[in-house]
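Engineer: Please build the complete structure, drawing on both the sequences and the hints.
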Amino acid sequence: MSDNEAENELVRMANEIAAFFKPYPHDEAVADISQHILDFWDPRMRRAMIAHLEAGGEGLQPLALEGLEAALRPAPAA
Amino acid sequence: MTIHQEIPLGLRNLKLTPLEAEIDRGTPEREGPPVTLMIDGVTITVPEGTSIMRAASLADRQIPKLCASDNVEAWGSCRLCLVEIEGVKGTPSSCTTPVREGMRVTTQNARLERLRKGVMELYISDHPLDCLTCPTNGDCELQDMAGVVGLREVRYGMDGDNHFDAAHKVPIDVSNPYFQYDASKCIVCSLCVRACEEVQGTFALTIEGRGFESRVSPGILSDDFFSSDCVSCGACVQACPTATLVEKSIVEHGTPRREVITTCAYCGVGCAFKAEMQGEEIVRMTPWKNGGANEGHSCVKGRFAFGYATHKDRVLTPMVREKITDPWRPVDWEEAIGFAARRLLEIRDEHGAGAIGGITSSRCTNEEVYVVQKMIRAAFGNNNVDTCARVCHSPTGYGLKTTLGTSAGTQDFKSVDKSDVILVIGANPTDAHPVFGSRMKKRLRQGAKLIVADPRRIDLVRSPHVRAEHHLQLRPGTNVALMNALAHVIVTEGLVNEAFVAERCDMTEFERWRGFVAEERNSPEALSEILGVPADELRAAARLYATGGNAAIYYGLGVTEHSQGSTMVMAMANLAMATGNIGHDGVGINPLRGQNNVQGSCDMGSFPHEFTGYRHVSDKEVRSTFEADWGVTLDAEPGLRIPNMFASALDGSFRGLYVQGEDIAQSDPNTRHVTAALKALDLLIVQDLFLNETALYAHVFLPGTSFLEKDGTFTNAERRINRVRPVMREQQGMSEWETVCRISEAMGYPMTYENEAEIMDEIARLTPTFALVSHARLDAEGSMQWPVNEAHPDGSPIMHVDGFVRGKGRFMVTEYVPTEERANRRFPLILTTGRILSQYNVGAQTRRTENSLWHPEDSLEIHPFDAEERGVADGDLVAITSRVGQTTLRAMVSERMPQGVVYTTFHHPFSGANVITTDYSDWATNCPEFKVTAVQVMPTNRPSAWQEEYTQTAPGSRRIHTATAAE
Ligand code: SF4
Ligand code: SF4
Ligand code: SF4
Ligand code: FES
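Order-wise, the sequence lines are chains B and S.
Residue numbering for the first sequence follows this note's numbering, starting at 1 and increasing by one per position.
Residue numbering for the second sequence follows this note's numbering, starting at 1 and increasing by one per position.
Treat the hints as calculated values from the structure; they're not laboratory data.
Errors might be hidden in some of the hints.
Claimed, not checked - What follows is a set of in silico ranges between Cβ atoms, one per label pair, in the way DEER data are often shown:
| # | chain 1 | residue 1 | chain 2 | residue 2 | range |
| --- | --- | --- | --- | --- | --- |
| 1 | B | 62 | S | 525 | 29 to 35 Å |
| 2 | B | 62 | S | 549 | 42 to 48 Å |
| 3 | S | 875 | B | 51 | 38 to 44 Å |
| 4 | B | 62 | S | 951 | 46 to 52 Å |
| 5 | B | 51 | S | 503 | 48 to 54 Å |
Stated by the list, open to error - Which bits of chain S does chain B cover? Going by a derived footprint, with three or more residues having C-beta under 8 Å, they are:
| # | segment |
| --- | --- |
| 6 | 279 to 288 |
| 7 | 633 to 641 |
| 8 | 650 to 657 |
Small disclaimer: the values here were computed from a predicted structure and weren't measured.
A virtual CB, placed ideally from N, CA and C, is assigned to each residue, including glycine.
Structural biologist: Next up, the structure:
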């Protein structure tokens, strides 16, 4: 799997997580997405996602983007 | 390891000595108001409806019998069990006569003795007198009864019309690989017929003919057992009082000399068995009557398919190699352990702690799994531990924990006896969980209603004396839409159990959910087309579930192995909470687990984010108890899950993997992707019985032990902690946990245990739900269902009795999000996968037994219309192509499939079913989406490229250096 594919994979995962929480009120959804990422993503996945966010976050749904921002920036745990 | 010489006591509930507990009381137990009577001067009180025979047995006045057994209803044909009752004329048979208040019964006097002798005499006159050379000599009830009644002569002589002399004897039916049928010894007691009907529920046997002509027959259209409907569960063999139906192993080796109680290592039912031994050899496995999960029943795998444990393919010597293209080099344990530890340390030093990790096995004991995850967390120094349950039941964990508060099924198996409505979703219990399937069928024959939600017409939908009220033949991938449609009906038709919800659940979340499912777009009418199920059928099913009495949900991998697996688990929990179907007998939501110890391996802290008992690694308080006990600092960050391990292996950040007893190269989706990842590793350590598919890419092979050599516990799908006891020594010389401890020690973190019981003590010390579990207790009191702690000292058959584990039940909004894997012009069919009765998972064990006679290869089930459209006839080779790969299988044209859906199993490596499955996965847990792959099917005349490559390369990668190979 190229880096690109791996990144696409993370983007897809993030979008799917966001799709689940989407029916919830916005702030709750963002918090839940963020917590999910922190609970289940290992540090290197989070690092890869931070890099992807820094590069513009292509392909991420708006809600996924917000959840990821809340989880990973400005204070990345790794 | 200690070899247990004695039968341990396991009889907490029965308050009997083991010997007594195994006595056959002649007729089944009854429930009812007490009735008191007198038998041979002994006063006894039993429930109404009990037979005189059973009451007498309980009063220690065993009555002779030939055609009765306490696992089937009485039939009253042999007339050996007759008794006298004061004030009643004649001599009624005690097995068919129920007790009455104040009855006075005589079980033995001169008249009864004479009558019984007469009965026996008739039987024996048509029975060969070759007892000394008979396979069941010493283990035959006909023999025993002849002795009991004092038969001394047979006045009719032995040369009248009979079934056994050369002129009359029909050939022995040896068609079944495990047992034979010798009609000349049959006494036509019909116990086998009743066992097949009542215990197994298959109805394969009948008594054919009348009077002297009558004989047992396996069905009308088939001439032998193998070609009949028989599923080879062995219940009839066990029931047969004579040598008519008998195990071939007994014919060959003779009767057993000692026995050890242990647990089946195949599926999540977790049946208890008596391993019956001669020395270190098993001659027979008999399901144990006191087994909490199976109560004396078994299936063909557990009872008969244990031969793999001593199969010649088993590797008994550790082996290493520098490169996976090298031949294997057999070495001693010390060298293998040193090699593994050194290479792990090298990788860790060079690439950081995160570069190594391991996968635990659902086939290993709790104790073995526990030490592996401990080694990874403490010695490897990270949380890169995952378990093969990732690919089957991880969504169950996530979904049930979120809604109810704990990651486990809510009921014990027995609970189904009290169900009025049974909803089976994406599970095929008669094939995958056969003993529970039999139990469920029994309840259905008693009148419980059945709803099946499955794209395929599984056997349960229509089998002898069982008819599903509703078969919701939904399209693969639409489970969540189905639940939403059912919930819509329940909410909008006022079928919610408001009192239950108000008392037990979080009302804000409930109202939110109620509003969501009530939306018109979730109505059966709106979803009918997506589901492919008529709206009125959906409405009727929802009403039945909500109003039919105790309603229970049983589900399997057809629920979890989807991109919305976790959502689906939550949706089912919503339904159960809304209708109050949780917290007591007969209801609940129950995962049917695949492998035997899926529950246990999850409980034991095999997930990268959780310690034992499902506690997150970031929880400081929890972490510090482990740190204090283990004397190390632990990582607070979640580790890699299996799919992430593969991805990281490909990007070079993950380089060393320890795999305990699993064949990920065969069982995980998108085989090419998996093998590419495995090839990219610097070090792969495989611990297994066989050089499996994964071992093709390994550098270190550590021979494992079979369940017959293990000492420890398995936890079944009902959270039942069962003891596994060794019946023989480790064939390769070292227990698996000890191997792990020694690797850990060589890496600088010593782990020392005297024995397996000490490991369990540590688990109990660190895991609140296991607080009061110990081997000593399990041995003395029998199996227990966790939680076993201060609050539940004897365990918990049913969960959430007085409230949910998480406090208030939490309804979750479950939006249906279709999977990205969709049928289109190029791939117009949906492939879904499953399993069959005789084989088990990747088949490494069952393929090495006679079970393969039933399933020599995997095939592709396809609807007649889809087949015809493609010019495919039954038995043709077809190429199945998905976005990621292609494989070739033989087609089986079958009306069980709906149009547009094809189906296969994945028991044989050559089938390469996972060459075509994609790496889409559940959003919350990354459990792969095995159940939905868009494919095209076309006739072909040759194996796929992958299969050809496999045939060429696999034997080479298994090469062992023969110069030094120790035989
Ligand atoms: S083995 Fe089982 S299925 Fe077969 S005839 Fe006997 S009881 Fe019936
Ligand atoms: S085969 Fe055995 S169990 Fe069946 S009727 Fe004959 S003697 Fe009885
Ligand atoms: S495979 Fe399952 S159902 Fe069959 S005997 Fe073993 S535990 Fe029981
Ligand atoms: S045991 Fe009662 S009639 Fe046979």
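Engineer: All the hints need checking, so say for each whether the structure fits it.
Structural biologist: Tested hints:
no., hint, result
1, 62(B) <-> 525(S): 29 to 35 Å, "holds, 32 Å"
2, 62(B) <-> 549(S): 42 to 48 Å, "holds, 47 Å"
3, 875(S) <-> 51(B): 38 to 44 Å, "violated, 53 Å"
4, 62(B) <-> 951(S): 46 to 52 Å, "holds, 50 Å"
5, 51(B) <-> 503(S): 48 to 54 Å, "holds, 49 Å"
6, 279 to 288, "violated (count 0)"
7, 633 to 641, "holds (count 5)"
8, 650 to 657, "holds (count 3)"
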